[in-house]
Amino acid sequence: MAHYVPFTGRMTRRSVLRGGFAVGAGLASAALIGCSSGPKKSVNDGAANTSAAPTKAVENTKEREGMPVVKGTPKKGGTFTMPVTETYVQHDAHTAVSNSEWSVIGERALELDEFSGKLRGNLVEAWEQPDKNTYIFKVRKGVKMHNRAPWNGREFDAADLAWNLNRIAGNTADAEKLPKANFQRSTTLEGMGKLEVVDKNTLKVSMSKTNSALLNGITEIRNIMMPKEIVEVGFKDPMKFGGMSPFMLTEYQEGTREVYSRTDNYYRPNEPYFDKFVQVAIPDRAAMLAAFVSKQVSVMSSPTAQEIKTIQAARQDALLYSYVGVNYQFIMFNFKHKPFADFRVRKALHLATDFEEVGNGYHGSGWGYMAALHQSFPEAWQDDKLKKLPGLSKETKAKDREEAAKMLAAAGFANGDKLEFEIMHKVKADNRENALRFQAQMAKLFPGIKIVIKAPETAVFDKAQAGKDFQSISNDSTMAPDAVLEAYARWHSTGSRNYGGFAEKDADALLDKMLGETDLKARESLLNDFQQKWFDAWMPHINFYATPTRHFIQPDIGGFDKVLGPWDSLRGITQKPGRIYNV
Amino acid sequence: MTRYVLRRLIGMIPTLLVLLFIVVSLVRLLPGNVADLLLSDGRATAESKAKLANKLGLDQSLPEAYLRYTAGVVRGDLGKSLWTDVPVTEMILSRAAITGEVALIAIAVSIVISIPLGATSAVRPDGFLDYSLRSMSIAGISVPNFVVAQAIIVLPALWFAKSIPFQYKSFTENPQQHLMVVLPAALVLGLRLSATIARMMRTTLLDVLQQDYMRTARAKGLTDFTVIVKHGLKNALIPVVTLLGLQLAALIGGSVITESMFALPGIGRLLLDAITRRDYPVIQGVVVSVGVLVMMTNLLVDLSYGFLDPRIRYS
Numbered sequence: 001m002a003h004y005v006p007f008t009g010r011m012t013r014r015s016v017l018r019g020g021f022a023v024g025a026g027l028a029s030a031a032l033i034g035c036s037s038g039p040k041k042s043v044n045d046g047a048a049n050t051s052a053a054p055t056k057a058v059e060n061t062k063e064r065e066g067m068p069v070v071k072g073t074p075k076k077g078g079t080f081t082m083p084v085t086e087t088y089v090q091h092d093a094h095t096a097v098s099n100s101e102w103s104v105i106g107e108r109a110l111e112l113d114e115f116s117g118k119l120r121g122n123l124v125e126a127w128e129q130p131d132k133n134t135y136i137f138k139v140r141k142g143v144k145m146h147n148r149a150p151w152n153g154r155e156f157d158a159a160d161l162a163w164n165l166n167r168i169a170g171n172t173a174d175a176e177k178l179p180k181a182n183f184q185r186s187t188t189l190e191g192m193g194k195l196e197v198v199d200k201n202t203l204k205v206s207m208s209k210t211n212s213a214l215l216n217g218i219t220e221i222r223n224i225m226m227p228k229e230i231v232e233v234g235f236k237d238p239m240k241f242g243g244m245s246p247f248m249l250t251e252y253q254e255g256t257r258e259v260y261s262r263t264d265n266y267y268r269p270n271e272p273y274f275d276k277f278v279q280v281a282i283p284d285r286a287a288m289l290a291a292f293v294s295k296q297v298s299v300m301s302s303p304t305a306q307e308i309k310t311i312q313a314a315r316q317d318a319l320l321y322s323y324v325g326v327n328y329q330f331i332m333f334n335f336k337h338k339p340f341a342d343f344r345v346r347k348a349l350h351l352a353t354d355f356e357e358v359g360n361g362y363h364g365s366g367w368g369y370m371a372a373l374h375q376s377f378p379e380a381w382q383d384d385k386l387k388k389l390p391g392l393s394k395e396t397k398a399k400d401r402e403e404a405a406k407m408l409a410a411a412g413f414a415n416g417d418k419l420e421f422e423i424m425h426k427v428k429a430d431n432r433e434n435a436l437r438f439q440a441q442m443a444k445l446f447p448g449i450k451i452v453i454k455a456p457e458t459a460v461f462d463k464a465q466a467g468k469d470f471q472s473i474s475n476d477s478t479m480a481p482d483a484v485l486e487a488y489a490r491w492h493s494t495g496s497r498n499y500g501g502f503a504e505k506d507a508d509a510l511l512d513k514m515l516g517e518t519d520l521k522a523r524e525s526l527l528n529d530f531q532q533k534w535f536d537a538w539m540p541h542i543n544f545y546a547t548p549t550r551h552f553i554q555p556d557i558g559g560f561d562k563v564l565g566p567w568d569s570l571r572g573i574t575q576k577p578g579r580i581y582n583v
Numbered sequence: 001m002t003r004y005v006l007r008r009l010i011g012m013i014p015t016l017l018v019l020l021f022i023v024v025s026l027v028r029l030l031p032g033n034v035a036d037l038l039l040s041d042g043r044a045t046a047e048s049k050a051k052l053a054n055k056l057g058l059d060q061s062l063p064e065a066y067l068r069y070t071a072g073v074v075r076g077d078l079g080k081s082l083w084t085d086v087p088v089t090e091m092i093l094s095r096a097a098i099t100g101e102v103a104l105i106a107i108a109v110s111i112v113i114s115i116p117l118g119a120t121s122a123v124r125p126d127g128f129l130d131y132s133l134r135s136m137s138i139a140g141i142s143v144p145n146f147v148v149a150q151a152i153i154v155l156p157a158l159w160f161a162k163s164i165p166f167q168y169k170s171f172t173e174n175p176q177q178h179l180m181v182v183l184p185a186a187l188v189l190g191l192r193l194s195a196t197i198a199r200m201m202r203t204t205l206l207d208v209l210q211q212d213y214m215r216t217a218r219a220k221g222l223t224d225f226t227v228i229v230k231h232g233l234k235n236a237l238i239p240v241v242t243l244l245g246l247q248l249a250a251l252i253g254g255s256v257i258t259e260s261m262f263a264l265p266g267i268g269r270l271l272l273d274a275i276t277r278r279d280y281p282v283i284q285g286v287v288v289s290v291g292v293l294v295m296m297t298n299l300l301v302d303l304s305y306g307f308l309d310p311r312i313r314y315s
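In order, the protein sequence lines correspond to chains L and D. Count the first sequence with my numbering and you get residues 1 to 583, in order. Count the second sequence with my numbering and you get residues 1 to 315, in order.
No lab work stands behind these hints: they were computed from the structure. The C-beta atom is built at its ideal place from N, Cα and C for all residues, glycine as well. Hints are supplied without guarantee of correctness; some may be wrong.
[Said to hold, decoys possible] Once the Cα atoms are required to be at most 20 Å apart in a straight line, the calculated EDC-like pairs of lysine to aspartate or glutamate come out as: (1) D/Lys169 / L/Glu86; (2) D/Lys51 / L/Asp174; (3) D/Lys169 / L/Glu254; (4) L/Lys228 / L/Asp92; (5) D/Lys162 / L/Asp317; (6) D/Lys162 / L/Asp92; (7) D/Lys49 / L/Asp469; (8) D/Lys49 / L/Glu254; (9) D/Lys49 / L/Glu176.
[What the hints assert, rightly or not] On the chain D side, residues computed to face chain L include the following (Cβ under 10 Å): (10) Arg3; (11) Lys49; (12) Ser81; (13) Ser170; (14) Asn174.
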C-alpha cells in the first residue's frame, strides 16, 4: 500500500508514572470524580510538553546528529507540498489498513515525544491511573472542531473520546454491521471495558482485564480521534469530514491531490504557519526525485543510497535528516519447516551472519544493532551491550562462526549439507538485498547449504505470510508503540504478527505476565528476562538491524528537528504539519 | 451500410460474452486475495477473513460470478470497488478523459511524424536518408517507453533543476500546466507508435509505387507530388489505418506505465492500482471497457476502408 505509515511509539509508562507521582497527584485526583486511591495511583499532566511554540523551541534546543536545525524567524504563509504514492484510498481512520485523511485533519489523544518517547498529552491533557484497571482521562478544554456542518466548531469532549476508544477497540462492530476484524488496531486497546463520561472533559475507563500497554497503545499513529457523529455523516466523501487539527480538507482530487487549508481555531497558539498543506500523488520514484530537485515538493522521504548521491549532486542545499527509526529488518523462520524447528540451526545462522556487512551493504551507515527488541524501546538492550553479544560482535566473529559450524554439524547439517530453505521477500530493495547478502554469506561459509530467494508480488506475499505458507521471510516491520505490545504480537503463540508459528510455553507465560504487570520496575525486569531467553534459547528471528530513516527537506523549511524522530518519523510531517514553517 | 454495421454490432455480442468469461476467470486466477490485504494489519482469523470474503462476494463459484457479472454489464452496472465502495463505472468515467486525451494526442503525434517519414523513405529507397530514417524507427521501436519517459522527467531536473509539473491540473483549471504534463506523456507514447507506423508506411507505399496505375498516372504527365500524395498515399493508408486501430490497445497498455511516471490520473493507473489491491470489479471493469473500445475501434477502422478505397463496398 501506498501511504503506508507504520506503527510508531515507545513504551513510556515508566517515565509517565515516575514523573507523574511528583506532579500534583493529590490535586488531580481530588479534582476527578470517582477516583479511588490505590497503591499504584499515578497522575500525569501531559500538557506541559505541548505548549512550546516552534520559534522558541528552535532557539532552545541543541542540534542533534543527523538533524539539521534551520535558523531564522518562522514566517506565516506558504504551501507545504508532500509527495505521496497515491491519494488516500480508505477514509475511515479506525478500519483503514493504512492512513487516511484523518492523519492530517484529526489528532491523537496521547502522543509520544519524538526523541525521548515520553508519553505526552494532546487531546487528553492529563490522566490518572487510580488502580491497575482504571484510567481517568481529562480531555483538553477548548479543542475546537473544524467549522463545517454538523460540527460547526463545537468542542471535542469526553463523549467523543469515549466513542473513539470504544470504536478503535472494535466494540461497535456489531452495531455498525462491520466485521470486528476490520478494526485492525483493536489489539492496541486490548481489554477496553466500560467507558463512563463523568463530565464534559472527564472520562473514566474500567478495563475488563489489565493491559499495561494501554496508554502507549492509544498513541498508535492510526488511532486518530474523529468526531462521534462521523458514522452518520459516512466515510465516502472526505470533503464532508471535519476534524480538530490545524488543517482542514478543502480539496480532494482522487488520484491527484489532497489540499488542506489552515484553520484559525487550533488549540495550539500561533499554529499553523503554512496556509496550505498539499499531498500530491506521484507514484513513480524517479518522478518524485525530479519533483524534489525542481522544488515542486518540500520533502522526499526514504531516499536510497543512490538517490542520496543524485540529490546531493543536483541540490547541494537540500537538507538530509537521518536517524535510527522504528523500523527493523529481519529474517523470520517458519517453525513448520523442519530444520528451523531446531534451535541449533536458528542460532548457528545468527552466529554466522556478518551484520555489519548486511547493514552497511544497503544503507552505508546509520543503522543500529538489534537483538530481540528495537533499541529505541527504553527497556531494550542498547548498542553498548548489543555490540558485545555473540553473533553481533565484530571481535568474536571468527570464533562465533566456528561455533556456528559445530552447531550445524550437531544438528545434522555439517558444512550446510542437506540444509535447504527458501527466503521469500517483498518486492522491496532493502528486503531483497538483505536476503541476497545473507544468502551469499551462508553459501561462502557453508558450501553445502542451499538457499533459494523468492520475490512474489505483494498480494501473493501477504497471502503466503498470513497463511504461514513460507519457509522463511526477509521483511521489515515497524514497532508497536510499546515493547510488550510488540513482543506479544511477534512471539506470543496467539500473537497477531507471529506468522512463523513460534510457540513456547515459557514465552507465552512471560508475555502474559508482562501484559498484566503494571509495576514498571517489575515489568522492565521481565522484559530483560524475555530478551535474554529470546537470545539464548529461542531466536525465532534473525533481526538484521534497526533501519535508518532519512528525509530530504528543502532548505528554507524549519521545524523538522522538532517533529521528526525515532518515534514519530514521517508522522511528524503528516500529523504535525502545524509545527513546521518557512523561514 | 446500416445493415453491415448492425450485423457487426450483433456479432460483437458473442465476443463480448467470451471476453467477460475470460476476464472473470482470469482475475480469480490471480494469486493473493483482497481479504488478506484488507485485513493485513490485525488479528484476523481465517473465520473473519471468510466472512469478509463472503460479504465481498469473493466466495462465489466461477459460473455464479460470471452470470452475476454478465447480468450487471447488461444493466450497465460494472460493480463497486472492494476498497472504496465507489461504482466502477463512475471510477472509469472520471479517469477516461485524461487517458483518451493522451491517446488521441499520441495518435496525432504518431501520424504527423510517421506518414512523412515513411513516405520519404519509400520515395527515395536505399539512400542515406532512407537508411537514417529506418535506423531511427528501429531505435524508436527498441527503446522502451519508460526509458524515454525517465529521460524527459529526470534529465532536466538533474541538469537545470527543472522538470515537468507533477501536480496534474485539468485543462479548464490551468491549461498551461495541463499541457506541460499531457504533451510529454503523449509524446512518449506517440514516438514509439510513430516508429511502428513509419515502417509500415514505407513498406506499403513502396509496394503501391510499383503498381501499374502509378505508372499510368506518371505517363499522364502528373507531377511527382500529385502522383505520390493523391494516388500513392491514399492507397497505401489502408494497412496503416488498420495498424493504427490495432495499436489502440497497445496505447492503453502503454498508459499503465506512462501515467504512473507522469503522475496522470488515468485509466492505466487505475488498472495498475486495482491489480496491486486485487480490486476485482475495477480490474474487470477496466478490461471490459477497453475491450469494448477496441471492438468499436476495429469497426470504425473497417468502415474507414470504404472512404480510403471506393472499390470497397459493404454488404
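Each hint, compared with the structure:
Between D/Lys169 and L/Glu86, the direct Cα distance comes to roughly 16 Å. Compliance with the 20 Å bound is thereby established for this hinted pair. The hinted pair formed by D/Lys51 and L/Asp174 meets the criterion: a straight-line CA distance of about 13 Å does not exceed 20 Å. Of the pairs offered as hints, the one joining D/Lys169 and L/Glu254 holds, with about 12 Å between alpha carbons and a cut-off of 20 Å not exceeded. The straight-line distance between the Cα atoms of L/Lys228 and L/Asp92 is roughly 12 Å, inside the 20 Å bound, and the hint therefore holds.
The straight-line distance between the Cα atoms of D/Lys162 and L/Asp317 is roughly 15 Å, inside the 20 Å bound, and the hint therefore holds. Taken as a hint, the D/Lys162 and L/Asp92 pair is broken in the structure, with Cα atoms around 38 Å apart against an allowance of 20 Å. For the proposed pair D/Lys49 and L/Asp469, the alpha carbon gap of about 16 Å is at most 20 Å, so the pair holds. Between D/Lys49 and L/Glu254 the alpha-carbon distance is near 28 Å, which puts this suggested pair outside the 20 Å criterion.
The suggested pairing of D/Lys49 with L/Glu176 holds, with an alpha-carbon distance near 18 Å, which does not exceed 20 Å. The beta carbon of D/Arg3 is not positioned within 10 Å of any beta carbon in chain L (closest approach about 43 Å), and the interface hint is therefore violated. With its C-beta approaching chain L no nearer than about 7 Å, D/Lys49 sits inside the 10 Å limit, and its interface hint holds. Given hint, D/Ser81 at the interface with chain L, holds; its Cβ is 9 Å from that chain's nearest Cβ, closer than 10 Å.
For D/Ser170, the shortest C-beta to C-beta distance to chain L is roughly 9 Å, which falls under 10 Å, so the interface hint holds. Evaluation of the D/Asn174 hint against chain L yields a violated restraint, the C-beta minimum of about 12 Å exceeding 10 Å.
Of the numbered hints stated above, those contradicted by the structure are hints 6, 8, 10, 14, listed in ascending order.
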